[in-house]
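2 protein chains.
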Amino acid sequence: MDALHRGGVAFQAECGAQGTCGRCVVQILSGQCEWPGSELLAAEKRKEGFILSCQARVKGDLVVKIPETISESSPAGTNRCPVPEVEAVAPSELSPLSKKVALELAPLSAGENASDLDRLARCFTGEGEVRYSLSVLRSLPEAVRQSQGQITITLAEDGTSKHLLKLEPGVQTARHFGVACDIGTTTVALQIVDLNTGRVIDTAGDYNGQIECGADVISRILYARKPERLEELRQRVVRTVNSLLDATLPRQGIGAEEITCAVFSGNTTMIHLLLGINPRHIREEPYVPALKTPPMLSAGELQLHLWPEAAVFFTPAVGSYVGGDITAGVLCTQVHRAGHGTTLFMDIGTNGELVLSGEDWMVSCACSAGPAFEGVGISCGMRAAAGAIETVDIEAGGAAIAYQVIGGGSPRGICGSGLIELVAGLFTRGIIGRDGRFNEAKADKRVRLDEHPRTFVLVEAGQTSTGKPISLSERDIANLMRAKAAIYSACGLFLKKVGLTCADIDRVYIAGGFGCHLDIQKAITIGLFPETDPGRFEYLGNTSLQGACLALLSHAHRQRLAEIAKRMTYIDLSSETDYAHEYTAALFLPHTDDSLFPGVMKSLRGRWSKRRHTPHFIELCF
Amino acid sequence: MDALHRGGVAFQAECGAQGTCGRCVVQILSGQCEWPGSELLAAEKRKEGFILSCQARVKGDLVVKIPETISESSPAGTNRCPVPEVEAVAPSELSPLSKKVALELAPLSAGENASDLDRLARCFTGEGEVRYSLSVLRSLPEAVRQSQGQITITLAEDGTSKHLLKLEPGVQTARHFGVACDIGTTTVALQIVDLNTGRVIDTAGDYNGQIECGADVISRILYARKPERLEELRQRVVRTVNSLLDATLPRQGIGAEEITCAVFSGNTTMIHLLLGINPRHIREEPYVPALKTPPMLSAGELQLHLWPEAAVFFTPAVGSYVGGDITAGVLCTQVHRAGHGTTLFMDIGTNGELVLSGEDWMVSCACSAGPAFEGVGISCGMRAAAGAIETVDIEAGGAAIAYQVIGGGSPRGICGSGLIELVAGLFTRGIIGRDGRFNEAKADKRVRLDEHPRTFVLVEAGQTSTGKPISLSERDIANLMRAKAAIYSACGLFLKKVGLTCADIDRVYIAGGFGCHLDIQKAITIGLFPETDPGRFEYLGNTSLQGACLALLSHAHRQRLAEIAKRMTYIDLSSETDYAHEYTAALFLPHTDDSLFPGVMKSLRGRWSKRRHTPHFIELCF
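Residue numbers (the numbering used here), protein chains in the order written: chain A, 1 to 622; chain B, 1 to 622.
Worth flagging that the hints you see were computed from the coordinates, not collected in a lab.
Keep in mind that this is a model prediction, so the values were computed, not measured.
Treat each hint with caution, since some may be false.
Note: identical chains are not told apart, hence a pair may lie in one copy or across any two.
Below 27 Å or equal to it, Euclidean Cα-Cα: the simulated DSS-like pairs (lysine-lysine) are [to be verified]:
hint	residue 1	residue 2
1	K99	K45
2	K226	K496
3	K496	K566
4	K442	K99
5	K445	K226
6	K59	K47
7	K602	K162
8	K99	K162
9	K496	K445
10	K162	K566
11	K59	K45
12	K65	K162
13	K497	K566
14	K497	K99
15	K496	K59
16	K602	K566
17	K65	K566
18	K468	K566
Could you put together the complete structure from these sequences and hints?
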């Protein structure tokens, strides 16, 4: 597997090279390698030379055949991604992470015997300690002379001291930029921000380059056990961030050296990996991370393509399983302001995190949902980016289908919101049953019952940009159902632990990379969200990114983040014995317990009764 | 010249590639290069293809003949060097730049939800801000677990904050080391110090790798005008320091990663070059350096072969021409303590710096002496290192000569103290006259009147370690006389400006790299020092290095350095119209004005009269 990675063969070893997912199967045509065998491969396949590359030790030169499925699973490239509008910071409230100030240094008196640095330091008299980096010192003599003492400094506050990041001759305050970046387990998104206006100039996203080494945080942690693989993961995510920067900055006419600050937000494991810190203790009792909030670092230390002294701030984490992405998300919901009643914040990513807040309390939990809603593990799934089908409307009888594509044109795949609408449509039209399997009686020409797994063709090959059909298989539906069951069951158990019911929730904030729009009613229909008035829901999009952007722009928001992290408590659901039971019960559409979805069931029964049959119930087997 | 440097051809372009010293002459055998010509080379030589390589532009491939004089002028290699004993810091007063502390982290309570960093940070509660570097964070998870919470931290105080430099599992306080380093224009010396005992473990020195690019600070500044040459100078001195570290640390069984702090001391230009900061404004009116005292930096930033996070402290400078080497020197003299009367501190290096101190004042000046007393520009000169002749005793008549060699064995060259004794001996024995030229009437077999320049052979070829004779030419003597005249005239003018005479000075401290011992009387005889009671003099050796060592060991000394730098005022002698006159008058042995050296003259007249002739006076022409 290491050799395949080095050779640039892209595949998604979901399990983190544990030998359990079977995604890295290749066929040895000649040469020797040792491997212990695996039940994932039939004896026949093993005889033909198929191996799990993550488990094999190469004993000499090999000729290897890479299955088509591997080479085709490479994630889509860098792309502008749609993000709901960020809540603006009012110009009067702008206090970005780095501050640009034009100064006129007083001329030196004759015989004063002061250095350039002394002259500069006088500007900070009484303002506490100022730290100067070597690169700033190197630029000092020319900068102070080029415009007769007129200079522009860029500063960041770091604890009780100030850090001088950059020195430019003349007045250079007109251009001042920063970056907000969300490091998700599956996707990375960033924004270029004009720090003078608070305006987001550009947004871009891509799959996290680490997904080839594991699909979720646990498999990444396992992959990172060897120091060289920890370093590989670090380099992979840094490359993803840098390729997004390299793509966005030139198209906006901004130089990398003009970016003097950045805020990163991500789950605790992702931040450990970005920093090259071994995250192993996150998954070992008592689940203690190396750090919850890194100190301010420099872009150069992290090898980011920004001004090397750029200040890098991290949104604070609550613990091993509730990271800085969640504090950033809660910041966006504004629940830290008074008078919001009881709110539920749900961030649906590869991990699902939930936060319940009242007037003076805030409690969180986490569950592992998998990356299905981000398009990973779904045959035609993709990120919410150009070419993704984001809405699907299946007409009665399943004959006609309407869909919308992000950015218009021919579709390339389906993103999270499209997948929810498609599954909801297939379910309400009776094309799939409550177990997520195709209803043979209702199968029209779009349902390919002879394929394995059985598949629903949403868009025929001729109408897609890839030349291949866009379809959803029973296996894909099962994946999506597992994801929604994880979220729903965590939510139910969490409410129970806190002693609340759905009716007690005044407002539900939904975060995630589903796309620009999310049809809440359809998400309730498939049982992703608990049934309550859809009007109480608000879809906020990628709140980790938006929260990072708020922190980039405002000191008050940075302080608020610290308060949120301090106030939030954490409930560990993984130790709950009820969890497995709740999860299994949620592996139906919308749920095995109809009483939890009375509205959905009533509407469906009405619809189905007209058609004189009811979708069957059968035992689930995945 | 750049190509020769890259090719490893070592020569000393004293003038800093200005085309004025003629040290870089090579002969073009074939190929083309452009150059403007130079009066330094006779027309005949130019026709033969001789060029000044620093002025030439290569136009294609060249075949170049490098004169023997160039390839032989390569300075002697790394060597242990003799340094007078450093004044010890009492164990009770030890407070080194980096501090090692063994800590036992309190175990985590169940469900406490704290990170490793939180656990560590608790140890600093109420102690102000602590800064953590990325490399320390990376070592955190393993360090805190390896010995059940028992760790050793290494800290440095930087202004109002603390900087955590290193984290080790277990109790590791027994080994704790630092480095003191003097960056001289001509020589670099360093000491490895045991920070637990304050004991100097090893001392080593070498020529500054920059001397191939200029003999003094002005020629280095000129050389550094191009950015790539500034970088070349930076790399050269860093290489010198690193080669000293690479030579000393292994022989003491100390790993580079065990050195967690260093103090550097040097003149203002040397420190600029070590940091890669353009020093050009040091020689341009109004002579403003980029900085007088760099902030604390890390060894990694400076590319030193130490623990990358090692704290690097710089002794503070007073101005462009009185650097941190002088404040370190004054620290060694202890004149900052009360009750010392009026003292004169003279640091004789490539630059000479003088400091006069009274009870509540301290005034300094500087002059350019050249590197003659450090053995550079003297045909058989060398640093005070193994193989150097450090004492010379010429018996009456000049027949028998006794000398001592540092480290014993056959001599390789003569160091500063040996040169002073040799010139004094030649002068008092009448072998050279007051103009420094050989007295033909007194020339015995050791004086080679037929050579050009005329030469005195101190050690015949068969008795040296190089197989070549060790001798002193009239040109060498002229160089030494220029150096001593620069020091003496600066001293005279300085005293006059301050309104003092020699008689007012209670104590004279001499610093420099002459060797272990310096014969004060002989230095007075040649007119290097003003004539006063030799008992008032004290030779301290390399005080820049010793002061750096004191600063390494004690916080009180670091504070004292800052006070010294703040208190010391500076007089610019270069603007004095009397200086040229005073200098010319001092270009005699001991001086044109006998009344300044009544004791020396009386003794000499007594000696000479016995021999019925008096050394002649002739016009000086160098």
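For each hint, the structure was consulted:
1. K99 with K45: The answer is neither: 62 Å in one copy and 62 Å across copies each exceed 27 Å.
2. K226 with K496: neither (40 Å within a copy, 72 Å between copies)
3. K496 with K566: Within. Shortest intra-copy distance 24 Å satisfies the 27 Å Cα cut-off; inter-copy 69 Å does not.
4. K442 with K99: neither (63 Å within a copy, 77 Å between copies)
5. K445 with K226: For K445 and K226, neither the intra-copy (50 Å) nor the inter-copy (76 Å) Cα distance is at most 27 Å.
6. K59 with K47: within (18 Å within a copy, 67 Å between copies)
7. K602 with K162: The answer is neither: 62 Å in one copy and 66 Å across copies each exceed 27 Å.
8. K99 with K162: For K99 and K162, the Cα distance is within 27 Å both inside one copy (10 Å) and across copies (24 Å).
9. K496 with K445: Cα proximity of K496 and K445: none, with 44 Å in one copy and 110 Å across.
10. K162 with K566: both (24 Å within a copy, 24 Å between copies)
11. K59 with K45: within (21 Å within a copy, 67 Å between copies)
12. K65 with K162: Intra 56 Å, inter 56 Å, cutoff 27 Å: neither.
13. K497 with K566: within (21 Å within a copy, 66 Å between copies)
14. K497 with K99: neither (45 Å within a copy, 49 Å between copies)
15. K496 with K59: Answer is neither: 55 Å inside a copy and 84 Å across each miss the 27 Å cutoff.
16. K602 with K566: Neither way: K602 and K566 sit 43 Å apart in one copy and 86 Å across, limit 27 Å.
17. K65 with K566: Neither, since 52 Å and 74 Å both go past 27 Å.
18. K468 with K566: neither (50 Å within a copy, 77 Å between copies)
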